[in-house]
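Taking the hints into account, I'd like the entire structure generated from these sequences.
When you number the sequence shown by our numbering, it's gap-free, plus one each residue, and the end is 296.
Do not rely on the hints blindly, as some may be mistaken.
[To be verified] List time: in silico DSSO-like cross-link candidates among lysine-lysine, alpha-carbon distance up to 30 Å:
| hint | residue 1 | residue 2 |
| --- | --- | --- |
| 1 | K79 | K99 |
| 2 | K79 | K192 |
| 3 | K136 | K111 |
| 4 | K111 | K79 |
| 5 | K246 | K161 |
| 6 | K246 | K192 |
| 7 | K111 | K99 |
| 8 | K192 | K161 |
| 9 | K100 | K79 |
| 10 | K136 | K99 |
Keep in mind the hints are simulated off the structure, nothing from the lab.
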Amino acid sequence: MLKELDRKTHLFGKYRRLDEDDQDLNLPMDGMLAIITGGSRGIGLEAGMVLLRKGCQVIIASSSGNEFRTQLEKKLNDEMKVFHSKSNLKSKSKLRVRVWHLNLSSLESVKAFLERLGDTQVNILINNAAIMFGPKNVTSNGFESHFQVNYLGHSLLIWSLLPSMRKASISSGRQSRIVNVSSSTHFARNLNINDLQSTGLYSPFDAYAKSKLAQIMFTYKMDEWLRRENTWGDHISVNALHPGVVKTDLYEHVWWVQLMPWMAKLVMRVR
Numbered sequence: 026m027l028k029e030l031d032r033k034t035h036l037f038g039k040y041r042r043l044d045e046d047d048q049d050l051n052l053p054m055d056g057m058l059a060i061i062t063g064g065s066r067g068i069g070l071e072a073g074m075v076l077l078r079k080g081c082q083v084i085i086a087s088s089s090g091n092e093f094r095t096q097l098e099k100k101l102n103d104e105m106k107v108f109h110s111k112s113n114l115k116s117k118s119k120l121r122v123r124v125w126h127l128n129l130s131s132l133e134s135v136k137a138f139l140e141r142l143g144d145t146q147v148n149i150l151i152n153n154a155a156i157m158f159g160p161k162n163v164t165s166n167g168f169e170s171h172f173q174v175n176y177l178g179h180s181l182l183i184w185s186l187l188p189s190m191r192k193a194s195i196s197s198g199r200q201s202r203i204v205n206v207s208s209s210t211h212f213a214r215n216l217n218i219n220d221l222q223s224t225g226l227y228s229p230f231d232a233y234a235k236s237k238l239a240q241i242m243f244t245y246k247m248d249e250w251l252r253r254e255n256t257w258g259d260h261i262s263v264n265a266l267h268p269g270v271v272k273t274d275l276y277e278h279v280w281w282v283q284l285m286p287w288m289a290k291l292v293m294r295v296r
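Here's what the structure looks like:
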């Protein structure tokens with residue numbers, strides 16, 4: 026929280042704001058395809074809009090209902106038509122955004138999503154969807170919900186898409202990229218990693234922190250594997266990031282954010 030407050034006030038340090046026109050994002054992305062889990066709101070939606078404006082096609086994976094997904098897809102495509110009419114992008118593809126169903130609490134849903142995707146080549150995979158500090162819940166697959174949604178579901182998605190992402194890299198001549206949106210909460214001490222399913226005393230904070238620690242450990246191991254297995258590392262990079270403390274719906278189970286939204290706006294990043 027103190028770091029986020031400093032980011033806003035610049036009392037102790039200076040931070041460069043990265044936006045879609047930044048020099049580090051100047052490569053054209055026309056013809057590339059990105060998948061963003063949890064991309065129907067918050068950080069995922071913002072990232073998706075930037076990628077769209079850079080010329081990238083985007084598939085938003087969302088657990089929302091069919092009506093919401095249909096309305097969101099139409100809204101975003103309408104916005105992109107207006108943007109295209111005012112930009113110099115070469116591609117005028119009518120369908121830039123697709124909003125598909127993906128419920129990470131069901132491994133069957135992940136498999137259905139992959140079957141729908143088929144052999145489509147994927148350049149970018151942003152694993153952004155998450156639940157945080159929720160009540161104890163066991164998924165239909167028998168796993169603690171934080172562990173499955175934040176970690177296992179994304180891991181299945183990553184492993185299954187590796188061949189597709191390798192082909193996309195070879196076709197485009199640019200390295201494909203996996204981005205795991207994690208959290209600094211993984212630094213928390215005294216995590217009971219001997220009980221990953223939280224079958225003992227349940228703590229929402231502990232369950233969330235363990236899932237994010239597992240996600241980061243997976244990222245390091247995947248990077249090691251990609252570099253070791255022939256030329257896979259030349260075609261795919263895997264990364265983890267802490268996005269900062271951003272006021273999104275992810276904080277629905279955090280009592281003080283709900284009771285004191287003014288304080289949350291003071292210390293958190295807001296749109």
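Next item on the list: Report the numbers of all earlier hints that the structure fails to satisfy, in ascending order.
Entry: Numbers 3 and 8 - these are the hints that the structure violates, sorted from lowest upward.
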